[in-house]
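Kindly generate the complete structure, drawing on both the sequences and the hints.
Line order of the protein sequences matches chains E and U.
Residues in the first sequence are numbered consecutively from 1, following the numbering used here.
Residues in the second sequence are numbered consecutively from 1001, following the numbering used here.
Heads up, some of the hints might be wrong.
[Said to hold, decoys possible] With a straight-line cut-off of 25 Å between C-alpha atoms, the simulated SDA-like cross-links for lysine to any residue are:
id	chain 1	residue 1	chain 2	residue 2
1	U	Lys1196	U	Lys1224
2	U	Lys1144	E	Asp101
3	U	Lys1196	E	Ala151
4	E	Lys143	U	Lys1084
5	U	Lys1144	E	Glu114
6	E	Lys5	U	Asn1050
7	U	Lys1224	E	Gly83
8	U	Lys1144	E	Ser158
9	E	Lys5	E	Thr116
10	U	Lys1066	U	Glu1042
Hints are computed from structural coordinates only; laboratory data are not their basis.
Quick caveat: nothing in here was measured; it's all calculated off a predicted structure.
Letter by letter, the chains look like this.
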Amino acid sequence: MSELKLVITGTAGVGKTTAIHSLSDKPPIVTDADTTDELSEIKDTTTVAFDFGEIYLDDATVHVYGTPGQERFRHMWEIIAEGALGFILLVDARRKDPIADLEIYLDNFRQYIESTSAVIGVTRTETEGGQCIEDLYNYLEQKQLFYPIMAVDPRDKSDMSQLMLSLLAMLEYG
Amino acid sequence: MNRTIQLHGFSKNDEMVFTSLLSLLSNKTQYQWDVVQNRAAEVVVIDVDNESDTEVIRNFERDGCKVITYGQPGLIDSTLQLNKPMRAAAILRCLAEVSTNVAVDKPNKPRENEVLSVPSQQPQHNIPVSTPIPTGVSVSYRLKRWPDPSILKATPGATRICAIMLKQVLSAEEIAESAGLALSSVREFIGNCDQKGYLDIKQRVSQIRTPPAPKSRSNPILAKLRLKFGARV
Ligand SMILES: Nc1nc2c(ncn2[C@@H]2O[C@H](COP(=O)(O)OP(=O)(O)O)[C@@H](O)[C@H]2O)c(=O)[nH]1
Ligand SMILES: [Mg+2]
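Next comes the structure, spelled out in structure tokens:
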């Protein structure tokens, strides 16, 4: 049987590693390393290769991968995406252009998302999340794309469970 | 021909709000509705916060009157329910639902499976002889926004309903069939979403057709994950 996996993607610092932590049954393997580039302003460490978590079912294990944040690791995206059950796209509401951020990930994973499904979780909505979500919906509508968009805090297990349930519903019934 | 509607148990204020909304909406409803008093109307709207006697409701139904209940959201489990506070979209939805039955005897039957936006007028099409006879106008919905967790948690299976309604315009019956859920759950969910303005509501002219069969994409792994992350159904 091929590997059962889910993919979490999004810009550096959006909350991928944290999200995997909330979803995973064991502490994720995190391949973060100290960063010396401009990302160090956002956080002390950033994902250089990928993060990896595991969800245990009675007779199977589902792997959860976070994509590497930095450009120079993009060649890994396809390896991670190939054969995935579904995609969680995280968007940081505080960034300058969340629509452009989403577009990058939608475009890069298009063929994989079209043959499976995706949900969009908007993080850091504590301050101005509502408008960001509205803008993202309008963008998707223009593109005639229909995916759930939800405000989530990746640190919150119940938010992450709801996001996961939405993805599963899209995979089964969407 | 005008249709008649009666209000029962309404406060003076709600009566005024309903009557004025109805006249404002008159160009958006399929029929012209007249609010009548103290006589047998085709439809009655009952404020169940003021009239809790179920016998009264049954009497209306026995007289052949279609009953729309009006009350606090979640209190009543009625197929045709108008939640408080009153919203224009909810009135349109209820009237379109009760219209499905009376539509059969309309002389000019519109084309089947045509999707009409609620604000549009009924077109007068002739149907080719070979076309199955449409049974009337049904109201259909599409979900424009993924609801907040409170709505998703209120109805078992809500997340599944959302996935079904996100891309397609479907009637409550079609959604219930696709989701494998009770019609009352679907209606409860639709009512909650309508309150928040999450729905795109259309009137669709259709014949009775077999609703899309439940998707057989179900995969045991997905079902197990669903239970693991707390789904109730
Ligand atoms: N306040 C707040 N902090 C968040 C949110 N999402 C993530 N974080 C924090 O942002 C930091 C970076 O998250 P991380 O998971 O490492 O991001 P990654 O680069 O995408 O893996 C962590 O300290 C998180 O706790 C959020 O929604 N609100
Ligand atoms: Mg990370």
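- Query: Which numbered hints does this structure break?
  - Reply: 1, 4 and 6
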